[in-house]
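J.: Sequence:
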Amino acid sequence: MGSSSINDAAIAKEKTDQEIDAVEKKPTIVFVLGGPGGGKSTQCANISKYIGFTHLSSGEELRKAGDSDPDNGEMIKSMLKDGLSVPPDITLRVLQEAMKKSGNDKFLLDGFPRDEEIRAAFEDALNIEPELVVFFHCSAEERKKRILSRNQGRVDDNVESVSKRFTYFDEYTLPVVEYYRSRGKVYEIDASKPMDEVFDTLKTCLTPLSPRIETEVVSEAKTEAEGEMVGVVAAEAASEVEEDELVGVVAAEAASEVEVEVQAVGEGEGEGEGLEKDISKLGL
Numbered sequence: 001m002g003s004s005s006i007n008d009a010a011i012a013k014e015k016t017d018q019e020i021d022a023v024e025k026k027p028t029i030v031f032v033l034g035g036p037g038g039g040k041s042t043q044c045a046n047i048s049k050y051i052g053f054t055h056l057s058s059g060e061e062l063r064k065a066g067d068s069d070p071d072n073g074e075m076i077k078s079m080l081k082d083g084l085s086v087p088p089d090i091t092l093r094v095l096q097e098a099m100k101k102s103g104n105d106k107f108l109l110d111g112f113p114r115d116e117e118i119r120a121a122f123e124d125a126l127n128i129e130p131e132l133v134v135f136f137h138c139s140a141e142e143r144k145k146r147i148l149s150r151n152q153g154r155v156d157d158n159v160e161s162v163s164k165r166f167t168y169f170d171e172y173t174l175p176v177v178e179y180y181r182s183r184g185k186v187y188e189i190d191a192s193k194p195m196d197e198v199f200d201t202l203k204t205c206l207t208p209l210s211p212r213i214e215t216e217v218v219s220e221a222k223t224e225a226e227g228e229m230v231g232v233v234a235a236e237a238a239s240e241v242e243e244d245e246l247v248g249v250v251a252a253e254a255a256s257e258v259e260v261e262v263q264a265v266g267e268g269e270g271e272g273e274g275l276e277k278d279i280s281k282l283g284l
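Numbering follows UniProt numbering, with no gaps: position 230 of the sequence shown is 230.
Hints should not be assumed to be uniformly reliable.
Keeping only pairs whose Cα atoms sit at most 30 Å apart, straight-line, the calculated BS3-like set for lysine-lysine is [as the list claims (entries may be wrong)]:
hint, residue 1, residue 2
1, Lys164, Lys64
2, Lys193, Lys100
3, Lys145, Lys64
4, Lys144, Lys100
5, Lys81, Lys164
6, Lys64, Lys144
7, Lys185, Lys203
8, Lys185, Lys106
9, Lys49, Lys203
10, Lys100, Lys81
11, Lys144, Lys101
12, Lys145, Lys164
13, Lys77, Lys100
14, Lys203, Lys106
15, Lys77, Lys164
16, Lys81, Lys64
17, Lys144, Lys49
18, Lys77, Lys106
19, Lys49, Lys101
20, Lys106, Lys193
21, Lys101, Lys203
22, Lys26, Lys203
23, Lys77, Lys64
24, Lys26, Lys144
25, Lys164, Lys185
26, Lys64, Lys26
Derived from the structure by calculation, the hints contain no laboratory data. Nothing here was measured: the structure is a model prediction, and the numbers come from that model.
Based on the provided sequences and hints, a complete structural model is requested.
T.: Below is the structure:
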């Protein structure tokens, strides 16, 4: 093989290695979508304790940016308050900074993307599609009731803003869900069910993407069970010690009584011998 062929092969291998590295370094993304008040943020926060994914809420990250961004902060806060979508370039910058800061490469992006424009911009910027899109389905009536009763102090939790957010979701976010549904990426969850049932369903759909989830949850349950067992064993051991001490006390008391009886008998025998000697002296 000539030197040129060797060089070409080396270059090809290096290119292949670089492509493999690029693929391996691409983040794993799960979009979590659902109408306002559907409970997706609560469930994402809970499940992220057990899996290797970082939970990022686009709304929460934008609210932080609204307080800290000297250039766009006021505009971000105003748009959020009015239930409007923050421009894609700002939203992407905020999210990418949060992703980089996390140091992770696996993410649950909660409430993202809100519309087709930001969806396309995200995929173009990162050159990836989400591994999965989890859709929390819940009736508008139930979601509205939840929002107006949660009292979290959010600037967008008022009747007018809630109405705008509901309308925006129906008109702009649902088409994103349907786009990914047509690509076979949507996993729909009935978010009207009790929280523990919703959590179990979410765990089921995310398990293939993170094998840690089963071992982490099982491990925690096992640890709790082991802790309870240790407590039971300790209680039983303490009970046995108490019983042993009680037996010892009873035995000691019994031995003491025997000694008293023996002593009494001994004293009685001594008195009898003395009486016999006195009678003998009297010649009786």
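J.: Confirm or reject each hint.
T.: Do the hints match the structure? See the list:
1. Lys164 - Lys64: Answer holds: Lys164 to Lys64 is near 21 Å, not above 30 Å.
2. Lys193 - Lys100: Status violated; Cα separation ~35 Å.
3. Lys145 - Lys64: Distance of about 26 Å is within 30 Å: holds.
4. Lys144 - Lys100: At roughly 34 Å apart (the allowed maximum being 30 Å), Lys100 and Lys144 break the hint.
5. Lys81 - Lys164: This hinted pair holds, its Cα atoms lying about 10 Å apart.
6. Lys64 - Lys144: 24 Å, holds
7. Lys185 - Lys203: 16 Å, holds
8. Lys185 - Lys106: Given pair Lys185, Lys106 holds - Cα atoms ~17 Å apart, limit 30 Å.
9. Lys49 - Lys203: Holds, at about 11 Å.
10. Lys100 - Lys81: 27 Å, holds
11. Lys144 - Lys101: 34 Å, violated
12. Lys145 - Lys164: At roughly 15 Å apart (the allowed maximum being 30 Å), Lys164 and Lys145 satisfy the hint.
13. Lys77 - Lys100: Given that 30 Å is the threshold and the Cα spacing comes to 23 Å, the pair holds.
14. Lys203 - Lys106: 16 Å, holds
15. Lys77 - Lys164: 15 Å, holds
16. Lys81 - Lys64: Distance of about 13 Å is within 30 Å: holds.
17. Lys144 - Lys49: Cα-Cα ~28 Å, so holds.
18. Lys77 - Lys106: It holds: about 28 Å lies between the C-alpha atoms, which stays within 30 Å.
19. Lys49 - Lys101: 18 Å, holds
20. Lys106 - Lys193: 27 Å, holds
21. Lys101 - Lys203: 26 Å, holds
22. Lys26 - Lys203: 23 Å, holds
23. Lys77 - Lys64: 9 Å, holds
24. Lys26 - Lys144: Violated. Lys26 to Lys144 sits at ~37 Å, over the 30 Å cutoff.
25. Lys164 - Lys185: Status holds; Cα separation ~28 Å.
26. Lys64 - Lys26: Status holds; Cα separation ~26 Å.
Violated hints, listed in ascending order, are 2, 4, 11 and 24; each of the other numbered hints is respected by the structure.
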